[in-house]
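When you get a sec, could you build the whole thing from the sequences and use the hints?
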Amino acid sequence: MSVLVFIETEDGKIKKSSREAISYGAALGDVTALALGTVNADELATAGQNGASKVLHVADERLNAGLIQPYAAAIAAAASEAGADVIVTAKSSLADAVVGRVSMKLGASLVSNVVSLPDTSNGFQVKRSIYTGKAFANVNMTTDKKVLAIKKNAVEIKEDGGAASVEAFSVSLDDSLFGTKITSTEKAEGDVLLPEADIVVSGGRGLKGPENWGIIEDLAKTLGAATGCSKPVSDMDWRPHHEHVGQTGVKVSPTLYVAVGISGAIQHLAGVNSSKYIVVINKDEEAPFFKAADYGIVGDAFEVLPKLNEALKAAQ
Amino acid sequence: MNILVCITHVPDTTSRIAFTNDNTEFDKNGVQFIIGPYDDYALARAVELKEQNGGKITVLNVGEADSDPTIRKALAIGADEAIRVNAFPSDSFFVANQIAAIAKEGGYDLILMGRESIDFNGGMVHGMVGELLGLPSFSPVMQLQVEGGNAKITREIEGGKEKLEVSLPFVAGCQEPIAEWKIPNMRGIMSARTKPLNVVEPSDNATHSAISAYELPPAKGAVKMIDADNVSELVDLLKNEAKVI
Ligand SMILES: Cc1cc2nc3c(=O)[nH]c(=O)nc-3n(C[C@H](O)[C@H](O)[C@H](O)COP(=O)(O)OP(=O)(O)OC[C@H]3O[C@@H](n4cnc5c(N)ncnc54)[C@H](O)[C@@H]3O)c2cc1C
Ligand SMILES: Nc1ncnc2c1ncn2[C@@H]1O[C@H](COP(=O)(O)O)[C@@H](O)[C@H]1O
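For the protein sequence lines, the chains are A and B, in the order given.
Numbering-wise (numbering that gives the first Met the number 0), the first sequence opens with residue 0 and increments by one.
Numbering-wise (numbering that gives the first Met the number 0), the second sequence opens with residue 0 and increments by one.
These aren't lab readings, by the way, just hints derived from the structure by calculation.
Using N, Cα and C, we set each Cβ at its ideal position, and we do this for glycine too.
Among the hints, a few may not be true.
Straight-line distance between alpha carbons at most 30 Å, and here's what the computed DSS-like set of lysine-lysine pairs gives [unchecked claim]: (1) B/K242 / A/K306; (2) B/K194 / B/K219; (3) B/K238 / A/K275; (4) A/K312 / A/K14; (5) B/K219 / A/K133; (6) A/K144 / B/K103; (7) A/K275 / A/K12; (8) A/K282 / B/K242; (9) B/K162 / A/K15; (10) A/K14 / B/K27; (11) B/K181 / B/K27; (12) A/K220 / B/K242; (13) B/K160 / A/K14; (14) B/K181 / A/K312; (15) A/K133 / A/K14; (16) A/K133 / B/K162; (17) A/K282 / B/K219; (18) B/K162 / A/K180; (19) A/K312 / B/K238; (20) A/K157 / A/K275; (21) A/K312 / A/K207; (22) A/K133 / B/K223; (23) A/K157 / B/K103; (24) A/K306 / A/K220; (25) B/K238 / A/K290; (26) A/K275 / A/K306; (27) A/K220 / A/K290; (28) B/K219 / A/K306.
A few chain A residues that don't get close to chain B, going by computed Cβ distances all over 12 Å [unchecked claim]: (29) G36; (30) G82; (31) G106.
DEER-style ranges, computed between Cβ atoms [as the list claims (entries may be wrong)]: (32) A/P239 / B/T206: 38 to 46 Å; (33) B/V198 / A/E188: 50 to 58 Å; (34) B/N204 / A/K12: 39 to 47 Å; (35) A/P231 / B/P216: 23 to 31 Å; (36) A/P239 / B/D11: 21 to 29 Å; (37) A/A26 / B/P68: 41 to 49 Å; (38) B/F87 / A/A40: 42 to 50 Å; (39) A/T184 / B/D11: 32 to 40 Å; (40) B/G159 / A/S175: 36 to 44 Å.
Now the structure itself:
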């Protein structure tokens, strides 16, 4: 099987979720990866470790920003170039917006939130997460070409591959595809991206106010974690919107989710139920979150968190 | 301004999810259905834009007759008319084709959707419809201002946000804080009864996928409680039992 994997970079590095997507593709067949915009060729060659044999690089500067229509056109062009039967990408806010267009260009079936390798014993069947992590569906993809968007942290990263060859790939992108003007970009620098994070520390209304977020940030720093929050916390502007976890916010799937002063409303749980382990710290022993937790501490966040932070540091 | 808002008819966010018929069908028993929360944001913003600029809001759902109460609710919130494509929404390709067919007829200035449906969470239909119509598509959209034929959009990117300028028409997948959810008032509920809800048959039946079975995740084991005075026990468990740090 010939596979094209669309990869994204962050601060010049291939994103972890893109390495997961390459690893997924490598389990299916020969992987050509595609990178768009200015990226260092040495970094791109490391896609080989995860199983790519080749990387097509469209070094068009106009693609440094994530523009939906030109990205879709470039991915479709690369899919033809690579003769790909399957196009794989990590699910992300950019990829989500792009792959629907790609699937239509290619007449390909599209399934998102994929959590398993396909079963090809009888057609092409993948398992996907549905109902915001509360269930799964087994889906038969019935077209020749397929596009898969893989749920983050659902795939083990392959590390034992070689180096990939990096080839310049030129796509002619019509000016009409660049009708959108980006007037400003605001981005948290240097932080661990929440949707990509292996460990997440989240705070809820129990923290009483934005001025108390230091204890969350300290713990996150010790754990190398991203910070998250509940919806009321972002609604009240204690924290930025992109940190809000749950049904209407970011869906995370880390190996460890630490919830502090969050009651565990079902809409919050919907965003965290794909976490491998959940730790809940709440002063109310009746908080519903404990039912979804692996480990729980009943206690006051303002006392427990500093102690936990010290104990973690001591253990490092 | 002529706005099309595409809404899903989905289980309430607190629903217990279960399946019947040998795990091949969603169990609707005891489940309350609502307008998808993201679609509700799209609708709320459409109502605000109409208040500012005048115009007409059409809501569209691809679904069977049990969607009608959900569609009436959208009419009560402020849509002027509704279209239901009378078919089970079997996959996103099928749904996108139906929406595009309606949109081609309607001459809409804006096509608003939710960032994603909360049943299938694809977040795919807006891009598909954009491609079918040859229009730009954006998602997730956190802010949307319209001035004449142009719009200012704020979209969420991972770890931040970005401001964009684009001309109408286009497709947007909306999320908060684009608008506050609106609750229908009595007048809205009364008038919704007489607003037109046109039921049309699907333009074609092509699909790209089929679900063979559903599964529920394995049940979670019991929680281990740790004394607040003994946090090092938690550190030990995370390190040696869960092996996550
Ligand atoms: C359609 C819909 C969608 C929604 N989507 C989301 C979503 O995506 N994400 C989301 O989070 N919510 C969502 N909500 C809201 C959700 O229902 C809850 O209201 C929300 O999650 C509660 O946030 P919270 O746990 O921070 O606050 P609260 O429910 O107020 O809980 C605060 C918790 O902190 C504890 N606490 C207080 N003081 C301390 C202390 N000193 N130390 C330790 N613990 C303390 C309390 O015991 C309590 O359990 C949605 C709601 C609806 C209707
Ligand atoms: N059956 C449907 N009828 C009308 N609109 C839909 C339907 N399914 C999806 N949509 C729209 O497309 C958006 C994205 O859906 P999805 O790609 O399924 O996550 C939703 O928020 C709706 O606005």
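Okay, the hints, checked on the actual structure:
Using a Cα cut-off of 30 Å, the hinted pair B/K242 and A/K306 holds, with the two alpha carbons roughly 20 Å apart. Note on B/K194 and B/K219: the hinted pairing is violated, with a Cα-Cα distance of about 47 Å set against a maximum of 30 Å. Simply put, B/K238 and A/K275 have alpha-carbon atoms about 14 Å apart, close enough for the 30 Å limit, and the pair holds. With a C-alpha separation of about 27 Å, the suggested pair A/K312 and A/K14 falls inside the 30 Å cut-off, and the hint holds.
The suggested pairing of B/K219 with A/K133 holds, with an alpha-carbon distance near 12 Å, which does not exceed 30 Å. With a CA separation close to 27 Å, the supplied pair A/K144 and B/K103 stays within the 30 Å bound. A threshold of 30 Å between alpha carbons decides the hint, and for A/K275 with A/K12 the separation of about 26 Å falls inside it, so the pair holds. With a C-alpha separation of about 26 Å, the suggested pair A/K282 and B/K242 falls inside the 30 Å cut-off, and the hint holds.
A distance of roughly 26 Å separates the Cα atoms of B/K162 and A/K15; the hinted pair therefore holds under the 30 Å criterion. For the suggested pair A/K14 and B/K27, the alpha carbons sit about 40 Å apart, so the restraint of at most 30 Å is broken. For the suggested pair B/K181 and B/K27, the alpha carbons sit about 26 Å apart, so the restraint of at most 30 Å is met. Restraint check for A/K220 and B/K242: satisfied, since their Cα atoms lie roughly 18 Å apart, inside the 30 Å limit.
For the given pair, B/K160 sits about 18 Å from A/K14 by alpha-carbon distance, which is consistent with the 30 Å threshold. The hinted pair formed by B/K181 and A/K312 fails the criterion: a straight-line CA distance of about 47 Å is larger than 30 Å. As the CA atoms of A/K133 and A/K14 are separated by approximately 27 Å, the hinted pair is consistent with the 30 Å bound. For a cut-off of 30 Å, the pair hint linking A/K133 to B/K162 is broken: about 33 Å separates their Cα positions.
Simply put, A/K282 and B/K219 have alpha-carbon atoms about 22 Å apart, close enough for the 30 Å limit, and the pair holds. Using a Cα cut-off of 30 Å, the hinted pair B/K162 and A/K180 holds, with the two alpha carbons roughly 8 Å apart. Between A/K312 and B/K238 the CA atoms are separated by roughly 12 Å; this keeps the pair inside 30 Å, and the hint holds. Taking the CA atoms of A/K157 and A/K275, the gap is near 19 Å; set against the 30 Å cutoff, the hint holds.
For the hint linking A/K312 to A/K207, the alpha-carbon distance of about 26 Å falls within 30 Å, and the restraint holds. Note on A/K133 and B/K223: the hinted pairing holds, with a Cα-Cα distance of about 22 Å set against a maximum of 30 Å. Only pairs whose Cα atoms come within 30 Å are accepted, and A/K157 paired with B/K103 is rejected, the gap being roughly 46 Å. Proposed proximity of A/K306 and A/K220 is supported: the alpha carbons are some 15 Å apart, at most 30 Å.
Between B/K238 and A/K290 the CA atoms are separated by roughly 22 Å; this keeps the pair inside 30 Å, and the hint holds. Taking the CA atoms of A/K275 and A/K306, the gap is near 24 Å; set against the 30 Å cutoff, the hint holds. Annotation: proposed proximity of A/K220 to A/K290 holds, straight-line Cα distance about 27 Å (limit 30 Å). Taken as a hint, the B/K219 and A/K306 pair is honoured in the structure, with Cα atoms around 28 Å apart against an allowance of 30 Å.
With a least CB separation of 14 Å from chain B, A/G36 remains clear of the 12 Å interface cut-off, as annotated. Listed as outside the interface, A/G82 is consistent with that label: its C-beta sits roughly 20 Å from the nearest C-beta of chain B, beyond the 12 Å cut-off. Some Cβ of chain B comes within 12 Å of the Cβ of A/G106; the nearest lies about 8 Å off, and the non-interface call is violated. Between A/P239 and B/T206 the CB atoms are about 39 Å apart, so this pair conforms to the stated range of 38 to 46 Å.
Between B/V198 and A/E188, the C-beta spacing of about 52 Å keeps the proposed range 50 to 58 Å intact. A hinted range of 39 to 47 Å for the beta carbons of B/N204 and A/K12 is consistent with their spacing of about 45 Å. Range check, A/P231 to B/P216: about 27 Å between beta-carbon atoms, so the 23 to 31 Å window is met. For the pair A/P239 and B/D11, the beta carbons lie near 28 Å from each other, so the given range of 21 to 29 Å is met.
Taking the beta carbon of each, A/A26 and B/P68 are about 45 Å apart, inside 41 to 49 Å as hinted. B/F87 and A/A40 have their C-beta atoms about 49 Å apart, which keeps the hinted 42 to 50 Å range intact. Between A/T184 and B/D11 the Cβ separation comes to about 36 Å, which falls inside the hinted range of 32 to 40 Å. The hint said 36 to 44 Å for the Cβ distance between B/G159 and A/S175, and at roughly 28 Å that hint is violated.
Taken one by one, the earlier hints fail for this structure at numbers 2, 10, 14, 16, 23, 31, 40, listed in ascending order.
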